[in-house]
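Number of protein chains: 2
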Amino acid sequence: MEIAELGEFGLIRRLTENLNNESPSTLKGVGDDCAVLNPTEGTQTLVTTDLLMEGVHFDLMYVPLKHLGYKAVMVNLSDIYAMNATPRQITVSLAISKKFTVEDIEELYAGMRLACEKHHVDIVGGDTTSSLTGLAISITAIGEAMPDDIVYRDGARETDLICVSGNLGASYMGLQLLEREKAVYDSQIQNSKSNSQNIKDDFQPDFSGYEYLLERQLKPEARRDIIEALAKAGIHPTSMMDISDGLSSELMHICSQSKVGCRVYEDRIPLDYQTAAMAEELNMNVTTCALNGGEDYELLFTIPLTDKDAIEKIEDVKVIGYITKENLGKMLICRDGSEFELKAQGWNPLK
Amino acid sequence: MEIAELGEFGLIRRLTENLNNESPSTLKGVGDDCAVLNPTEGTQTLVTTDLLMEGVHFDLMYVPLKHLGYKAVMVNLSDIYAMNATPRQITVSLAISKKFTVEDIEELYAGMRLACEKHHVDIVGGDTTSSLTGLAISITAIGEAMPDDIVYRDGARETDLICVSGNLGASYMGLQLLEREKAVYDSQIQNSKSNSQNIKDDFQPDFSGYEYLLERQLKPEARRDIIEALAKAGIHPTSMMDISDGLSSELMHICSQSKVGCRVYEDRIPLDYQTAAMAEELNMNVTTCALNGGEDYELLFTIPLTDKDAIEKIEDVKVIGYITKENLGKMLICRDGSEFELKAQGWNPLK
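Chains as they are written, first to last, in the numbering used here: chain A, 1 to 351; chain B, 1 to 351.
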């Protein structure tokens, strides 16, 4: 169905009907000039926002709309968890070009709702409008936390341990894989103009053995489990952020805002087997991918040295180094013992 | 300066340096995974968001970037006031194509900051990224109010008086004027290919006598003054919203959500002299423009009949009709006494 048939209000009605507000702090969702929230007594409010543009942040050639919706929500929830807070609500704004049908947007929304349900988050408002070209998605997430629980980027202190959750570089490798298969498809189409429809119908991208990489790229998960495990273990990170632009870039943020240096050990950086195998197949340096790939949505945090025993009992967290005095620099210690100054080579959407 | 020279972080630093957080509820603005807000005790939180796309919502051929930034903020603040609440913070996300320079974005931001300063609102976060074509602006505004002060759309009751602030249709007429002068310019360029540079340099659009219409289109003001005057007079509206899509469309929202009807009198609809003159010049029906033009950002609200004397003392507010039983319909009573069912013909960005 064409979106023009429904119009703005019709489409909004269709997308937002049956939205069940789960959070006790949601008083009024979609349907007035504003959403109305009732913050839990004593909490502070966290706000983060993200704008995703077709052709810059995602390629609909290989990203299914449902996955896109899911991921667009997850990356915002990840920012709330990275403050050691709990997400409660999101708003969703969409600008949609004519190539999309009502069913397409329902797919996108289904992915968003799935991500929200998983994290008990309400969709409380937004804006739906048209765009001349492509799709734009703007999400704002709102969370809450008790003041003493909130973790900023600037609290890392000398001798603190540097920790990361999960493993790094897999999402970036998943993107390389998708790009490779897209290139194969494009070249097959170009080489056989006569039966291009056959290729369109029959083309099967080859992802075998690399399913995990695809999942990390297409369906990242915000690490609420880590936040919960830390709370349960009584560990309060001194600084924290999520890894969206690459470990290197994020480490530099923590160090510069905390006015400290760091020493990170290459052999401690957690990697999945598939990440290493794919890097070898593509003749890329796996450490570079893990340091600069980005889109991991894992948590990077520092803890007092006294929590060393406690952190080792938490599954899926690894200590990769420690915090030093600022004048010692931000150093990567390689497998062979050589040392390099870390550089932020993370993804720069404006370059 | 090209934006690529600065990169994402450099541009953000440049735009957000010297941002002074004024609101006591702003604990942490730009610079971490999230902004951190401390809601005033006992208040509820209001959230509204808007996504503006170049070519759909604005035409940079005749909208200066500073005005665009100012308006983009104002329309969000207007939504907060329309709940009878006070705006405190905004986040600003921008997607920028290559045609824009650093100076352009600084102009846009200067307009945003001006609007914020006027209303004591802090810019606490956002996202800055690139776009393949044109500019996208997504703003989320956050406000607060004591629970009993918040006014929804669904509280209008039979015999309530229907009020509007300011005057209607002027912004729409301003847009017609801008479109007309753009068409004149385009035709001059087309008719004289040889010296088009001269025309580009020398063309002077003719806005004389219609400056107020331009101001209403390019520099709308959110009506905090009306909210304050109502509070001072002890008037608590039973329902309220701001007029962004046209009086007709908004009246229908209030009536359907409140499950009531209305009678609105054509001769009571407030018009500026310039709006009427421009409508005559363009051979348009001025009432249609006032009912359906949109972008007025005036307040539409209902009050108990007992507040009749009090409302008449408030400057720049007019009673245009009253609320009836639902089964009596939503009626416009024309100057000649004839009656018409109101229709929402407001601007539909998806049609």
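If you're looking for bench data, these hints aren't it; they were derived computationally from the structure.
Just to be clear, a hint being listed does not mean it is correct.
30 Å max Cα-Cα, derived DSBU-like pairs, lysine-lysine [to be verified]: (1) K118(B) / K200(B); (2) K99(A) / K313(B); (3) K98(A) / K200(A); (4) K219(A) / K118(A); (5) K99(A) / K99(B); (6) K98(A) / K308(B); (7) K325(B) / K308(B); (8) K232(B) / K308(B); (9) K343(B) / K98(A); (10) K200(A) / K219(A); (11) K200(A) / K66(A); (12) K98(A) / K232(B); (13) K308(B) / K318(B); (14) K98(B) / K182(A); (15) K343(B) / K308(B); (16) K219(B) / K200(B); (17) K98(B) / K232(B); (18) K98(A) / K325(B); (19) K99(A) / K259(A); (20) K343(A) / K325(A); (21) K182(A) / K99(B); (22) K99(A) / K98(B); (23) K219(A) / K313(A); (24) K313(B) / K219(B); (25) K313(A) / K325(A); (26) K66(B) / K99(B); (27) K343(A) / K313(B); (28) K219(B) / K343(B); (29) K200(A) / K259(A).
Just so you have them, the derived chain A footprint on chain B, three or more residues with Cβ under 8 Å [said to hold, decoys possible]: (30) 29 to 41; (31) 84 to 95; (32) 158 to 168; (33) 204 to 216.
We put the beta carbon where it would ideally sit given N, CA and C, even for glycine.
Going down the list of hints, with the structure as the test:
no.	hint	verdict
1	K118(B) / K200(B)	violated (35 Å)
2	K99(A) / K313(B)	violated (53 Å)
3	K98(A) / K200(A)	holds (22 Å)
4	K219(A) / K118(A)	holds (13 Å)
5	K99(A) / K99(B)	holds (25 Å)
6	K98(A) / K308(B)	violated (48 Å)
7	K325(B) / K308(B)	holds (20 Å)
8	K232(B) / K308(B)	holds (15 Å)
9	K343(B) / K98(A)	holds (26 Å)
10	K200(A) / K219(A)	holds (25 Å)
11	K200(A) / K66(A)	holds (21 Å)
12	K98(A) / K232(B)	violated (48 Å)
13	K308(B) / K318(B)	holds (11 Å)
14	K98(B) / K182(A)	holds (26 Å)
15	K343(B) / K308(B)	holds (27 Å)
16	K219(B) / K200(B)	holds (25 Å)
17	K98(B) / K232(B)	violated (49 Å)
18	K98(A) / K325(B)	violated (41 Å)
19	K99(A) / K259(A)	violated (49 Å)
20	K343(A) / K325(A)	holds (18 Å)
21	K182(A) / K99(B)	holds (29 Å)
22	K99(A) / K98(B)	holds (24 Å)
23	K219(A) / K313(A)	holds (27 Å)
24	K313(B) / K219(B)	holds (27 Å)
25	K313(A) / K325(A)	holds (28 Å)
26	K66(B) / K99(B)	holds (16 Å)
27	K343(A) / K313(B)	violated (65 Å)
28	K219(B) / K343(B)	holds (28 Å)
29	K200(A) / K259(A)	violated (54 Å)
30	29 to 41	holds (count 9)
31	84 to 95	holds (count 6)
32	158 to 168	violated (count 0)
33	204 to 216	violated (count 0)
Comparing the model with each earlier hint shows violations of hints 1, 2, 6, 12, 17, 18, 19, 27, 29, 32 and 33; every other hint is respected.
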